[in-house]
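Enquirer: So you can see what is in the structure, the chains are spelled out below.
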Amino acid sequence: MIEIRLHGRGGQGAVTASRLLATAAFLEDKHSQSIPMYGTERRGAPVTAFVRIGEKDKMVRSLIHEPDYVVVLDSLLRKTVNITEGLKDDGMLILNSSVPPEEIELLKPYKVATVDATGIALETLGRPITNTAILGAFVKATGEIGLESVIEAVKQQWKGTLGEINVKAVEAAYEATEVGDPKIVAEVVGEKAPAGSRADWRTFRPVVDLEKCTGCRLCWVYCPEHCIEMVDDKSVIDYAYCKGCGICVEECPVGAIEMKSESERGE
Amino acid sequence: MGHKELMVGNKAVAYGAVLSRVQVTSAYPITPQTTIVEYLADFIASGRLDAKFIEVESEMSAQVSVQGASWAGARAFTATSGPGLLYMHHPMMGCRLPIVMAVVHRSNKSMQPDHTDLMAQRDTGWIHLYCENTQEVLDTMIMSYRIAENDRVYLPVALGLDGYILSYTAEPVEIPDQDLVDSFLPPFKGRSAPHPDMTIEEWRANMSRGAGGYGTQKAWIDHHENMMAAKEVIVEVDEEFGKVFGRSYGGLYEEYNCEGAEAVIVAMGTIASTARPTIDDLREEGKDVGLVKLKTFRPFPHDEFREMAKRYNAFGVIDRNISIGSGGVVFNELRSALYNVDDKPSVLGFHTGLSGEEVTPGMVRRIAEKTLEAARGPVEPLVEWV
Numbered sequence: 001m002i003e004i005r006l007h008g009r010g011g012q013g014a015v016t017a018s019r020l021l022a023t024a025a026f027l028e029d030k031h032s033q034s035i036p037m038y039g040t041e042r043r044g045a046p047v048t049a050f051v052r053i054g055e056k057d058k059m060v061r062s063l064i065h066e067p068d069y070v071v072v073l074d075s076l077l078r079k080t081v082n083i084t085e086g087l088k089d090d091g092m093l094i095l096n097s098s099v100p101p102e103e104i105e106l107l108k109p110y111k112v113a114t115v116d117a118t119g120i121a122l123e124t125l126g127r128p129i130t131n132t133a134i135l136g137a138f139v140k141a142t143g144e145i146g147l148e149s150v151i152e153a154v155k156q157q158w159k160g161t162l163g164e165i166n167v168k169a170v171e172a173a174y175e176a177t178e179v180g181d182p183k184i185v186a187e188v189v190g191e192k193a194p195a196g197s198r199a200d201w202r203t204f205r206p207v208v209d210l211e212k213c214t215g216c217r218l219c220w221v222y223c224p225e226h227c228i229e230m231v232d233d234k235s236v237i238d239y240a241y242c243k244g245c246g247i248c249v250e251e252c253p254v255g256a257i258e259m260k261s262e263s264e265r266g267e
Numbered sequence: 268m269g270h271k272e273l274m275v276g277n278k279a280v281a282y283g284a285v286l287s288r289v290q291v292t293s294a295y296p297i298t299p300q301t302t303i304v305e306y307l308a309d310f311i312a313s314g315r316l317d318a319k320f321i322e323v324e325s326e327m328s329a330q331v332s333v334q335g336a337s338w339a340g341a342r343a344f345t346a347t348s349g350p351g352l353l354y355m356h357h358p359m360m361g362c363r364l365p366i367v368m369a370v371v372h373r374s375n376k377s378m379q380p381d382h383t384d385l386m387a388q389r390d391t392g393w394i395h396l397y398c399e400n401t402q403e404v405l406d407t408m409i410m411s412y413r414i415a416e417n418d419r420v421y422l423p424v425a426l427g428l429d430g431y432i433l434s435y436t437a438e439p440v441e442i443p444d445q446d447l448v449d450s451f452l453p454p455f456k457g458r459s460a461p462h463p464d465m466t467i468e469e470w471r472a473n474m475s476r477g478a479g480g481y482g483t484q485k486a487w488i489d490h491h492e493n494m495m496a497a498k499e500v501i502v503e504v505d506e507e508f509g510k511v512f513g514r515s516y517g518g519l520y521e522e523y524n525c526e527g528a529e530a531v532i533v534a535m536g537t538i539a540s541t542a543r544p545t546i547d548d549l550r551e552e553g554k555d556v557g558l559v560k561l562k563t564f565r566p567f568p569h570d571e572f573r574e575m576a577k578r579y580n581a582f583g584v585i586d587r588n589i590s591i592g593s594g595g596v597v598f599n600e601l602r603s604a605l606y607n608v609d610d611k612p613s614v615l616g617f618h619t620g621l622s623g624e625e626v627t628p629g630m631v632r633r634i635a636e637k638t639l640e641a642a643r644g645p646v647e648p649l650v651e652w653v
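From first to last, the protein sequence lines are chains A and B.
Sequence positions in the first sequence follow this note's numbering and run 1 to 267.
Sequence positions in the second sequence follow this note's numbering and run 268 to 653.
Here chain B stands alone, though its shape is the one from the complex:
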């Protein structure tokens, strides 16, 4: 049943690529993603991973290289951070190929982590999965290919992990056996891979589909429908992963210590880990506040939050991001999701942890206590920086 090893988040990413039998990888080094590239190069050089590493001069080229590989029928992987991700924006937009990309979060106003990098790719049509610990990073790598390559989805996945906080922190990780991973993740059968019997019309259609279908509104409709279908697939894959490997993450989101809670805080990435013991403490003190860890940001679980709104009187949304001139991205989406429900709960917004500012258990406690207060009556201000 596998073995355990102490490893950093970036190594878990590379291990995930090895276990997923990635065939083509291309990446351009950038702090704090760099060691992923180094680990992958090591794995390929030592023969542990049988893959082609395409060396490139920029992130733009890395992104289009893996897209080309995926088009040709190879399982492809890339990784980047902050500014490198922004440089990939153009080819990412509208891409409909089952690539997996690790995004080691890095702010664009410092080298330290926040979610502004991946949030800036909100509308590119990629699936966004956020991770909170090293084990989840490795497991999500494997799940991502299952989700991406699913026939109902067939879309790229961006896997987010907080730079430094996860990328460089070492902790014990269980590495599953290759046989088990192989049984869970069969070889990739690319839809657009050319073959001798293919007619030129078929080939053209596939090429156009991969690029997102130039020139038609229908391509956007299809892309959106596939994305919405991914919600179901993400939950199914997570459940099956749980059955095979004994670990699961709730798929779209996880409710932690929420039973009988009046209010919940909503957190993503490593802040969720910091919140768990804090929520435990608050519950022990008799304060009925729970944690909703949002793992999947795209597709956004609108319906699921509407269901939750029947149970909880207040949501305290922690945004490690800001849409400048508007506010917290998750805060805004969650409020918009709840617009049509009866007996609307309070939704509070908290910005914190931007540019790598530390998020402590004490800060989470303050957020949770204010949210609980909002479940019982109006509080001011609605949105604040913590």
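Isolated chain A (complex conformation):
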């Protein structure tokens, strides 16, 4: 029996990833369960899903508390969610990250696999939906499931072009995945967002070009988080509260605001 926990954000496809893994296992004649954890999930908020692969009569119905593998679809999530909780000592982390495993800071010597799933998703799908890319990494790092099975599961999920580009994401991630040992540290420094903040939902952040900003206040009017302040008649965004929705970019009449990938700032 192998047990897998997936962490992601609403919209990245963690639930679909768990479904695809269970399907791939099923295609290899194994019994599997794909378990989404439903609460108040919505776009951007942390989401957890689980997969069990093994014998049919060992399939319990509780959640997974001591996983063999933890798969993380979001590159910043590990700063706010305790992703190693309950992970078995010989367990492995499969992370969406643009840095090599040796630069990942952990308390325990787990095996770590990293892949820039966001970069691959943007390249192949044109949007930061990282579920299929991270599965390519899972296959490469663990060897628990065959690449062909995952590709077949992806093709069953999406027909036509959508299926093809997702297969490309799986394959590109499979090639790019690195496995290694993490940097062991005494304490992992997390980022704690202020109460009521949705800042950890961001995949992209809006950046204002102060030269172009005319101070018209349209972004200030439309920002749903009220996190834009006018300083000297220019828009200044409070990133402690900005959730990265991009409405300000849409509303700006002079194109002074641009969305930039969060991972571009060295995570």
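In short, the hints are calculated from the structure, not lab data.
There could be a bad hint or two in this list.
[To be verified] Per the computed footprint, the stretches of chain A lying under chain B, defined by three or more beta-carbons under 8 Å from a beta-carbon of chain B, are: (1) 24 to 36; (2) 57 to 66.
[Said to hold, decoys possible] Keeping only pairs whose Cα atoms sit at most 20 Å apart, straight-line, the calculated DMTMM-like set for lysine to aspartate or glutamate is: (3) B:Lys271 - A:Glu175; (4) B:Lys271 - A:Glu55; (5) A:Lys140 - A:Glu175; (6) A:Lys56 - B:Asp610; (7) A:Lys155 - B:Glu272.
A virtual CB, placed ideally from N, CA and C, is assigned to each residue, including glycine.
Please build the complex by placing chain B on the supplied structure of chain A, with the hints as guidance.
Expert: Here is chain B on its own, set in the frame of chain A:
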């Protein structure tokens, strides 16, 4: 021999309706039942299911719509959850039409699952069947129509599946061939369906019977007798299902790894799945405790438990419900069933998993170990929350 597909519990319900060739369906969406309505709408729109979908504004209307359809001679299906089920309570009460309804368990104190929703319909006169996995959901859908439409029974069936835990968990399911299902489940011949040769007296009698027979105590006696007759029919249908499809579920209950056991735990729904590997582990450790999975809650297998009481010294009843002010519903019924037996076994009660609280293998182990202790001597307390 059919094919396999990875699917969630709710899709298994909808597939069951398709394979059973349901003719009329009506349902009002409510979490976690909603996707059943969506799958059914999809199946009907794509022509996979030739049925009339009656759109309604509430669960009350959904329930009376399918009752009307069943009265007119159509095989009818509906589905709901928690509060929606409570809203159906009035038309459900005393109904004697062979409808099948999926109840995707949802607590009334949260959106998460427990059995308080269906337990609140305990006395409505429906047959209650609880399922533990997705395959069992699909198979029980098909069996339910055979049971409901049986001449000795002719009563509605409520099929329970734990919301979220089963409704949204995907796992491989074997889907039998339509021909095989057709051979097992012949077309429905409604008793009350009107026809041109029917006298007005016959029609009135049938109408009244369907509604449960207004105005007479005899209607309650008949209803109860039909319900008690269902015990035999449920076992027969399960056995025949096993012969045709190669899978069976014990009918009223299943004894799992009980051989030579001193004590047994009693579980319903998905808790039974969690209990199986735990019981295997305990047996391997030499602890003589087994599992009784209670599938049929109504009609309640009183006699069968009395038989079991001759073999086991203790029963640990897991209730994913509570009758507030009294206790565990199954615990109370089982204890009452054993009142007149000689050498009464101990019966312990455990409340757990209410409002969707997780039930882990560790919790089941603790329950099983305490029950085993009770088989050898008195333990305290008799009832506890786990």
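Enquirer: Against this structure, judge whether each hint is valid.
Expert: The hints, checked one at a time:
1. 24 to 36: Since three or more residues must qualify, the claim that chain B covers the stretch 24 to 36 of chain A holds, with 7 doing so at under 8 Å.
2. 57 to 66: It holds, with 8 qualifying residues against the three required.
3. B:Lys271 - A:Glu175: violated (32 Å)
4. B:Lys271 - A:Glu55: holds (16 Å)
5. A:Lys140 - A:Glu175: Roughly 8 Å between the alpha carbons, so the hint for lysine 140 of chain A and glutamate 175 of chain A holds.
6. A:Lys56 - B:Asp610: violated (38 Å)
7. A:Lys155 - B:Glu272: holds (15 Å)
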